[in-house]
Amino acid sequence: MIEVLIDGILFGLQLALLAVGLVLIFGLGGVLNLAHGEFVIITGITAGMLSSLGVNILISITTGVLLAGVAGVAMDRTLLRPVYKLSGEMEILVGLFLTLGLAAAIDGVIAYLFPGLHFSINVPVEAISFFGLAFRPSSLIAGLVAVISLLLLLFFLRNTTTGKAIRAILQNQTGARLCGINVDNIRTLVFLLGGIMAGLAGVAQGLSSSVDPGAGLELTSLALIVSVVGGVRSVYGAIIAGLLLGIVNAVVSYLVGTYLALIILLVVVIGVVLFKPSGLFARSV
Amino acid sequence: MWKLKRPGSRLSSSPVVLLIVFVILAIIPSLLKNPYQLRVLTIIAIFIAFTYAANIIFGESRQLFLCMSAISGIAAYTSAILSIELGLNPWLTILIGIAFSTAVGSLLSYVSVSRGLGVIFVAIVTLAFTLIFENTILGLRSITMGETGLVVPTLWWPLEGLFGRRLASYYVILAYSAIVALIYFMLIHSKFGMALKAIRSDNVSAEVIGIDVTKHQVMAVALGSSILGMGGSLYAYYQGMASPGVFSPLMDITIFLMLILGGFGAPIGPIVGAVFIILIQELTRGLGQLTMTFFGGLLVVLILIFREGIASIFDKVATYVYYSKRS
Numbered sequence: 001m002i003e004v005l006i007d008g009i010l011f012g013l014q015l016a017l018l019a020v021g022l023v024l025i026f027g028l029g030g031v032l033n034l035a036h037g038e039f040v041i042i043t044g045i046t047a048g049m050l051s052s053l054g055v056n057i058l059i060s061i062t063t064g065v066l067l068a069g070v071a072g073v074a075m076d077r078t079l080l081r082p083v084y085k086l087s088g089e090m091e092i093l094v095g096l097f098l099t100l101g102l103a104a105a106i107d108g109v110i111a112y113l114f115p116g117l118h119f120s121i122n123v124p125v126e127a128i129s130f131f132g133l134a135f136r137p138s139s140l141i142a143g144l145v146a147v148i149s150l151l152l153l154l155f156f157l158r159n160t161t162t163g164k165a166i167r168a169i170l171q172n173q174t175g176a177r178l179c180g181i182n183v184d185n186i187r188t189l190v191f192l193l194g195g196i197m198a199g200l201a202g203v204a205q206g207l208s209s210s211v212d213p214g215a216g217l218e219l220t221s222l223a224l225i226v227s228v229v230g231g232v233r234s235v236y237g238a239i240i241a242g243l244l245l246g247i248v249n250a251v252v253s254y255l256v257g258t259y260l261a262l263i264i265l266l267v268v269v270i271g272v273v274l275f276k277p278s279g280l281f282a283r284s285v
Numbered sequence: 001m002w003k004l005k006r007p008g009s010r011l012s013s014s015p016v017v018l019l020i021v022f023v024i025l026a027i028i029p030s031l032l033k034n035p036y037q038l039r040v041l042t043i044i045a046i047f048i049a050f051t052y053a054a055n056i057i058f059g060e061s062r063q064l065f066l067c068m069s070a071i072s073g074i075a076a077y078t079s080a081i082l083s084i085e086l087g088l089n090p091w092l093t094i095l096i097g098i099a100f101s102t103a104v105g106s107l108l109s110y111v112s113v114s115r116g117l118g119v120i121f122v123a124i125v126t127l128a129f130t131l132i133f134e135n136t137i138l139g140l141r142s143i144t145m146g147e148t149g150l151v152v153p154t155l156w157w158p159l160e161g162l163f164g165r166r167l168a169s170y171y172v173i174l175a176y177s178a179i180v181a182l183i184y185f186m187l188i189h190s191k192f193g194m195a196l197k198a199i200r201s202d203n204v205s206a207e208v209i210g211i212d213v214t215k216h217q218v219m220a221v222a223l224g225s226s227i228l229g230m231g232g233s234l235y236a237y238y239q240g241m242a243s244p245g246v247f248s249p250l251m252d253i254t255i256f257l258m259l260i261l262g263g264f265g266a267p268i269g270p271i272v273g274a275v276f277i278i279l280i281q282e283l284t285r286g287l288g289q290l291t292m293t294f295f296g297g298l299l300v301v302l303i304l305i306f307r308e309g310i311a312s313i314f315d316k317v318a319t320y321v322y323y324s325k326r327s
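Residue numbers (the working numbering), protein chains in the order written: chain A, 1 to 285; chain B, 1 to 327.
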């Protein structure tokens, strides 16, 4: 049972990483990034391939994560430019369709290049025993990577001027603009951050199990689910919801099987959307 | 964007053009040589109806349902399972399937409209529903056969004796999509269609002038879902199987592509969109997985520079010809 809980926490941390990026991008860009799962996969494939080619593991991970960040920035600077000129429902719709198209395009290329392959990042350390439980060290490293990056993100948002600017925009874009914050630059920064966070989720997943190149839409949906439960504009909410759903998912799949667990999770999400659309843990950023 | 603004000629919404197009579609099979081409044509006919359904749900009523594949899949699987397990008459199972998908679609619409969900939340709820459907199909392996799909009994198509199986099934499906087109045409010129238009431009004002917003929105989705359901069941019987590969999120993307390519609100739009996209799909079959990339890229390009759809180009050309004649 403890193993199940630990698995749940690990998965929850990955979910939190996934959702945090989505929340940041949605809060600042006003775009619900349906290509978010593809960022995860890009990193997973890059890091997995480089490390299996014998490249130093830190270098391969960094390359993968940076690539996801660059993908985020590229998306912001090119594809999504026209979206920011729109407003209201149209902004949301155009953003959704554009990122959906991008996701399909990336999915197609990946499925073409790597049919049926899974990528994992292997760490050359032996299994550790801890309080009588055996751990795969790579899973522990994955958890550590996730915790550290989430803490760094929170620290950045809370204690730096740029972080405060981001939170200001999340709360009120016009107000932030009036205070002299350059929303365009901050938005690009946030796409970089969002991409990096998604990339780190990919690293965590590659370390603890393996990245399935065909799972883009599934990962995006997971991120959506978590961010909805956490309250779509709250970073804290996303982290707590990620952990909670990770644990619930692990326990329920242990008890009733994976398919049913996912279905239960999805039903919970629909319930949250219907009865508490602001999310369970919504708080100001 | 996506406003119905068609000055001058209204070629794309003329009922005569619609009639001519369907007559052409009915004649084409006599020019075709091999069964493969007829098959492509049949799939075009099914997707024409699907795109009309999307045009009612999203185009007219502005509800972003990302679960059209699941709604039509529910009907397909319901009718397949009922005819296999209970041995019911396939046509009866089609009716039951339609009832199921209509009920599910209306329920989804009712909860989202009555809770006042914004477009994003409707998208999330329906996307979650699509995943629930997929996982249920994959999880209930003993009934649905999982990924391999469910082989369904053969359906007796009317006029089978006269035309032979292949052609009869094509004509039945074409008749179904022609009726759907007629329904759509009548809808947008009816009081109901006007009410939807009013809700679309401002739902609060619509409510104020006495339009029951919830009722109209839900009825629009119910109509769309029953079209999707019938198409799904017919598709399954036509293919001889119901498989999760067909009723997957890719189907939603395909339908939206057809809708956007053809243009919103134009009665001829879904036909143009379905013909173009299915033909492209068949021509690019050799690309394998890259077809998906192609479609994704196409969606991006269409949304960025081409939001009014092909149907509007016909109108522009017609308007141009019209005015150049007069001067």
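Don't take each hint at face value.
Here are the simulated lysine to any residue pairs, SDA-like style, with alpha carbons at most 20 Å apart [unchecked claim]:
#  : chain 1 : residue 1 : chain 2 : residue 2
1  : B       : Lys33     : B       : Lys197
2  : B       : Lys215    : A       : Asn185
3  : A       : Lys164    : A       : Leu178
4  : B       : Lys191    : B       : Tyr176
5  : A       : Lys276    : B       : Gly116
6  : B       : Lys191    : B       : Leu107
7  : A       : Lys276    : B       : Phe306
8  : B       : Lys215    : B       : Arg62
9  : A       : Lys276    : B       : Phe121
10 : A       : Lys276    : B       : Leu117
11 : B       : Lys197    : A       : Met90
12 : A       : Lys276    : B       : Val119
13 : A       : Lys276    : B       : Lys316
14 : A       : Lys276    : B       : Gly118
15 : B       : Lys197    : A       : Glu89
16 : A       : Lys85     : B       : Gly286
17 : A       : Lys276    : B       : Lys197
18 : B       : Lys215    : B       : Met241
19 : A       : Lys276    : B       : Met194
20 : A       : Lys164    : A       : Leu144
21 : A       : Lys85     : B       : Val301
22 : B       : Lys197    : B       : Gly118
23 : A       : Lys85     : A       : Leu67
24 : A       : Lys164    : A       : Asn185
25 : B       : Lys316    : B       : Val16
26 : A       : Lys164    : A       : Asp184
27 : A       : Lys85     : B       : Tyr176
28 : A       : Lys276    : B       : Leu107
29 : A       : Lys85     : B       : Val16
Restraint ranges, calculated between C-beta atoms of paired labels, are given here [to be verified]:
#  : chain 1 : residue 1 : chain 2 : residue 2 : range
30 : B       : Leu32     : A       : Pro115    : 30 to 36 Å
31 : A       : Leu274    : B       : Arg165    : 25 to 31 Å
32 : A       : Leu274    : B       : Ala99     : 21 to 27 Å
33 : B       : Tyr110    : A       : Gly54     : 56 to 62 Å
34 : B       : Gly146    : A       : Val248    : 22 to 28 Å
35 : A       : Asn185    : B       : Ala175    : 55 to 61 Å
36 : A       : Arg81     : B       : Tyr110    : 54 to 60 Å
37 : B       : Pro153    : A       : Arg81     : 38 to 44 Å
38 : A       : Asn185    : B       : Leu32     : 35 to 41 Å
39 : B       : Lys197    : A       : Arg81     : 43 to 49 Å
40 : B       : Gly297    : A       : Ser210    : 27 to 33 Å
No lab work stands behind these hints, which were simulated from the structure alone.
Backbone N, C-alpha and C fix where the C-beta goes; we use that ideal spot for every residue, glycine too.
Verification of the hints:
At roughly 44 Å between alpha-carbon atoms, B/Lys33 and B/Lys197 are farther apart than 20 Å, so this suggested pair is violated. For the hint pairing B/Lys215 with A/Asn185, the CA-to-CA distance comes to about 45 Å; that exceeds 20 Å, so the pair is violated. Using a Cα cut-off of 20 Å, the hinted pair A/Lys164 and A/Leu178 holds, with the two alpha carbons roughly 15 Å apart. For the proposed pair B/Lys191 and B/Tyr176, the alpha carbon gap of about 24 Å is over 20 Å, so the pair is violated.
A threshold of 20 Å between alpha carbons decides the hint, and for A/Lys276 with B/Gly116 the separation of about 12 Å falls inside it, so the pair holds. Our distance criterion of 20 Å between C-alpha atoms is broken by B/Lys191 and B/Leu107, whose separation comes to about 23 Å. Our distance criterion of 20 Å between C-alpha atoms is broken by A/Lys276 and B/Phe306, whose separation comes to about 37 Å. Between B/Lys215 and B/Arg62, the direct Cα distance comes to roughly 14 Å. Compliance with the 20 Å bound is thereby established for this hinted pair.
The hinted pair formed by A/Lys276 and B/Phe121 meets the criterion: a straight-line CA distance of about 11 Å does not exceed 20 Å. Simply put, A/Lys276 and B/Leu117 have alpha-carbon atoms about 11 Å apart, close enough for the 20 Å limit, and the pair holds. Of the pairs offered as hints, the one joining B/Lys197 and A/Met90 holds, with about 16 Å between alpha carbons and a cut-off of 20 Å not exceeded. The straight-line distance between the Cα atoms of A/Lys276 and B/Val119 is roughly 16 Å, inside the 20 Å bound, and the hint therefore holds.
With a CA separation close to 47 Å, the supplied pair A/Lys276 and B/Lys316 exceeds the 20 Å bound. The straight-line distance between the Cα atoms of A/Lys276 and B/Gly118 is roughly 13 Å, inside the 20 Å bound, and the hint therefore holds. Taking the CA atoms of B/Lys197 and A/Glu89, the gap is about 16 Å. The hint holds against a cut of 20 Å. Proposed proximity of A/Lys85 and B/Gly286 is contradicted: the alpha carbons are some 38 Å apart, above 20 Å.
Using a Cα cut-off of 20 Å, the hinted pair A/Lys276 and B/Lys197 is violated, with the two alpha carbons roughly 30 Å apart. With a CA separation close to 35 Å, the supplied pair B/Lys215 and B/Met241 exceeds the 20 Å bound. For the proposed pair A/Lys276 and B/Met194, the alpha carbon gap of about 33 Å is over 20 Å, so the pair is violated. Distance hint between A/Lys164 and A/Leu144 is unfulfilled; the C-alpha atoms sit about 26 Å from each other, more than 20 Å.
Only pairs whose Cα atoms come within 20 Å are accepted, and A/Lys85 paired with B/Val301 is accepted, the gap being roughly 17 Å. A threshold of 20 Å between alpha carbons decides the hint, and for B/Lys197 with B/Gly118 the separation of about 18 Å falls inside it, so the pair holds. Of the supplied pair hints, the one linking A/Lys85 and A/Leu67 is violated, its CA atoms being roughly 27 Å apart against a limit of 20 Å. Only pairs whose Cα atoms come within 20 Å are accepted, and A/Lys164 paired with A/Asn185 is accepted, the gap being roughly 14 Å.
Distance restraint check for B/Lys316 and B/Val16: the Cα-Cα separation of roughly 18 Å lies within the 20 Å cut-off, and the hinted pair is therefore satisfied. With a CA separation close to 15 Å, the supplied pair A/Lys164 and A/Asp184 stays within the 20 Å bound. Taking the CA atoms of A/Lys85 and B/Tyr176, the gap is about 42 Å. The hint is violated against a cut of 20 Å. For the given pair, A/Lys276 sits about 18 Å from B/Leu107 by alpha-carbon distance, which is consistent with the 20 Å threshold.
As the CA atoms of A/Lys85 and B/Val16 are separated by approximately 39 Å, the hinted pair breaks the 20 Å bound. The hint said 30 to 36 Å for the Cβ distance between B/Leu32 and A/Pro115, and at roughly 34 Å that hint holds. Distance hint check: the CB atoms of A/Leu274 and B/Arg165 are about 46 Å apart, inconsistent with the given range 25 to 31 Å. In this structure the hint that A/Leu274 and B/Ala99 lie 21 to 27 Å apart at CB holds, the actual value being about 24 Å.
For B/Tyr110 and A/Gly54, the hinted distance range of 56 to 62 Å is satisfied, since their beta carbons lie about 58 Å from each other. Checked against the hint of 22 to 28 Å, the pair B/Gly146 and A/Val248 passes, with Cβ atoms roughly 25 Å apart. For A/Asn185 and B/Ala175, the Cβ-Cβ distance of about 58 Å falls inside the hinted range of 55 to 61 Å, so the restraint holds. Distance hint check: the CB atoms of A/Arg81 and B/Tyr110 are about 38 Å apart, inconsistent with the given range 54 to 60 Å.
One distance hint, 38 to 44 Å for the beta-carbon pair B/Pro153 and A/Arg81, is violated here, with the actual separation near 53 Å. In this structure, A/Asn185 and B/Leu32 break the distance hint of 35 to 41 Å, their C-beta atoms being roughly 58 Å apart. As the Cβ distance of B/Lys197 to A/Arg81 is approximately 31 Å, the hint placing it in 43 to 49 Å is violated. Against the hinted window of 27 to 33 Å, the Cβ-Cβ separation of B/Gly297 and A/Ser210 comes to about 28 Å, which satisfies the hint.
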